[in-house]
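These protein sequences, in sequence, are chains A and B. Per this note's numbering, the very first residue in the first sequence carries number 1; after that it's consecutive. Per this note's numbering, the very first residue in the second sequence carries number 594; after that it's consecutive.
No lab work stands behind these hints, which were simulated from the structure alone. The beta-carbon is built from N, C-alpha and C at its ideal position, and this holds for glycine as well. Hints should not be assumed to be uniformly reliable.
[As the list claims (entries may be wrong)] Far from chain A, by Cβ distances over 12 Å, these chain B residues were calculated: (1) 619; (2) 625; (3) 626; (4) 633; (5) 648; (6) 688; (7) 699; (8) 709.
[Claimed, not checked] Calculated Cβ distances over 12 Å to all of chain B for the following chain A residues: (9) 44; (10) 466; (11) 545.
[Claimed, not checked] In silico lysine to aspartate or glutamate, EDC-like type, Cα no more than 20 Å apart, as pairs: (12) A:316 - A:221; (13) A:314 - B:639; (14) A:316 - B:639.
Here is how the chains run, residue by residue.
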Amino acid sequence: MTEASSLSRVLYVDLSNKRYWIKERGDLFKERLGGAGVAIRLLKEECKEGTDPLAPESPIILCVGYFNGVFPLASKTVAMFKSPLTKNLGESHAGGRCGVAMRMAGLGGIVIKGKSEIPVYLVVNDEGVRFKDASALWGMNSSSTVGRIIREREAGAGIRAIMRIGRAGENLVSYAGVITETFRHFGRLGLGAVFGSKKLKAIVIHGRASLTLRDARGYREVYDELFRNFTKTSLMKKYHELGTPMNVLPLNAANSLPSRNLQRATFEGANALSGEAMSERYLGRRAACGHCPVSCIHIAALRVPYETESHFYKTKMISYDYEPIYALGSMLDIRSPEGFLQLMDRVEELGLDAMSTGVALAWATECMEKGIVGPEDTGGIVLSWGDYKTYIKAVERIAGVKGEFYEALGKGVEYASSIYGGEEFALAFGGNEMPGYHCGLATHLGFLVGARHSHLDNAGYAIDQKLSVEGRRAEPPELAKMIFEEECWRQVLSSLVVCFFARGVYTPEVVSKCLTAMGINLTPEDLKKVGEDILREKYEFKFREGFSFDGLRVPKRVTEIPTPRGFVTEKDLREGIKSFEELLKKRMSARAQ
Amino acid sequence: MVKRIAVVDVDLCVGCQSCMFACNRRFGEAGLARTAIFVQSTGGFEHGFAVKVCRACREPPCVKVCPTGALTKREGGGVRLDHRKCISCGNCVSGCTIGAIFWDEVLDKPTVCTYCGYCVSYCPYGVIKLEEVEGA
């Protein structure tokens, strides 16, 4: 039996030579808690400067932390890699069962390098690693079929994770994701393409560890307090009942929901695709990630008639969340829930990131509207707002890399617009496609300065929303400070690794108390310092790989459409970026002294 | 009063594993190595879940296949396990028709529900309950 505080084992896998070994890295976990904190260190160790993200030597890092398998809502795994989309820091977090499964298999981290000569999938458990032939799974039409086959062949039902890629990952589309447990994802920044480049189709992982606690009674007490907060108070209500799509109506009402490639900030289909309507008409089942009582996974049951056979139907189970509704619904002005769900389903089967895909298609549609791109570029396909059937054809071509235009589109809007034009409405920040918030200055500043250019880095949009409620204006330097502090604290949560939805419960004081029960003494202040250090290290990696704050592109479109807090100006954004950079540099020089 | 864990409505189950972790916490430990209740999907999350836990049979097949008398009938239904007599043969695991006897990875012995009901208080959706066995 192991102590819960002694997380230490990192599994190294060499796909070229089909070898694996374990290294004890206990000191690293002690210093950095696990998750993002350990992953960035391993990435710096394993990824040499200038590495091609899709080269065999480019590493895949997966990490969990002290809280996985120990406390509720610690259900996430952090993946780090070099992003084929931004050519810089790649980081994405997935729920499902992989966080718990990795910890229960006795692992804190996994580092995968090399390239297999044939498609393989890995089976990882407490006995080691098996390399299995995945030739028959390669090229399959649907990622869920791949999941079903592996489910039937491998052990660990109920406690395993099956991470897999779809055809988009095999074909190295820059924003291909990795799917786990059919409905959760390492969605952003192209981990799927890195899997594909290594001929790695899937990873199955499971185990059944038991971890002892320094203070067993204290552990049960703090656990019970957390559990009560998660299940008996209103703190998780939003995620629990309607799920993340609860955001659709309030964001739309506040003129913050981008539609038609942000030509508008309201969506005419908001009522039909709202959390309320989706729940009433389509919600077929709810599910939960490992060790999480909240069950935010909302799965629609969609009954679709066959066009060729009368009295023949299929019922598809399709998960929906706010961001996909924004990207594949609102951005494309698809007002029919059935249309959105069918497009969503195909995106899942092909293994694309729903957010980047939606934004890419929205950019392409506006290009066609403006005559920048014509049917001669798109293989005769005419993209138009709301036409989900045509969008389904287009995603097939993106995933299949069919023709020059789709190849460019599959590298993201930053790249595609550098070839075809339309940069001013190519909605990407630091190369990553825009999330579904147009709430004000802090929102866009957050996207720009966030280490992975994701809304979850620092939740700038929440700062805008809070200031709106308070009826207060804040200058760019103040916003930058708030964003910086939030992003630092989130490094601690993503190192433990708890779901960001639990951030209201896992305050610095509560985290410190949980660690004490494990025999780890870190004060809230200590934890905040760890968070700052992790963010600093992430930025050191970014700078090493060529990132500069001055080089950030502000898509003109975000300054043309008013937010609820007025127009966002490039001048204010630049001022905010400067302030953020100063805060970060101050941290870096303090470290150097 | 003889009690058992009853599955009230398995369609309410979201697969959150809270019951599984609770069972292991009885020993003050985190994890799943000793848990005697398991939840698994019935062919992917989209098809829902199955809860596997001892139903406290009146004539338990696991008792019949235990060669050492480590498993004995509990009055009113269900079993009791005496670790001292158990030789870790695993017959009971394969002998349980519903697959509700598991392996304690720490002790290297079977683990089966003791009908304590600790897991029940951690099921947020009322999937399981502790009930009195009728006629016991």
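Within 20 Å, alpha carbon to alpha carbon, are residue 316 of chain A and residue 221 of chain A?
Status violated; Cα separation ~42 Å.
Between residue 314 of chain A and residue 639 of chain B, is the straight-line Cα distance small enough, at 20 Å or below?
With Cα atoms ~14 Å apart, residue 314 of chain A and residue 639 of chain B stay inside 20 Å; holds.
12 Å cut-off, C-beta based - residue 625 of chain B kept clear of every residue in chain A
5 Å, violated
Any Cβ of chain B at or closer than 12 Å to residue 545 of chain A, or is the non-interface label fine?
37 Å, holds
At 12 Å, judged by beta carbons, does residue 466 of chain A keep clear of chain B as stated?
29 Å, holds
Check the non-interface label on residue 648 of chain B: least C-beta distance to chain A beyond 12 Å or not.
18 Å, holds
Over 12 Å to the closest beta carbon of chain B is the bar; see if residue 44 of chain A clears it.
The assertion about residue 44 of chain A holds, with a minimum of 30 Å to chain B.
Does residue 639 of chain B lie within 20 Å of residue 316 of chain A when you go C-alpha to C-alpha?
9 Å, holds
Regarding the assertion that residue 688 of chain B does not contact chain A, is the least Cβ-Cβ distance greater than 12 Å?
19 Å, holds
Over 12 Å to the closest beta carbon of chain A is the bar; see if residue 709 of chain B clears it.
About 14 Å separates residue 709 of chain B from the closest Cβ of chain A, which puts it past 12 Å; holds.
Test the statement that residue 699 of chain B is away from the interface with chain A: the closest C-beta pair must be farther apart than 12 Å.
Residue 699 of chain B is in fact no farther than 12 Å from some Cβ atom of chain A, at 5 Å.
Separation of residue 619 of chain B from chain A, once the least beta-carbon distance is taken, above 12 Å:
For residue 619 of chain B, whose nearest Cβ neighbour in chain A is about 9 Å away, the distance does not exceed 12 Å, so it is violated.
Hint compliance for this structure: hints 1, 2, 3, 4, 7, 12 are not met, and every other hint is.
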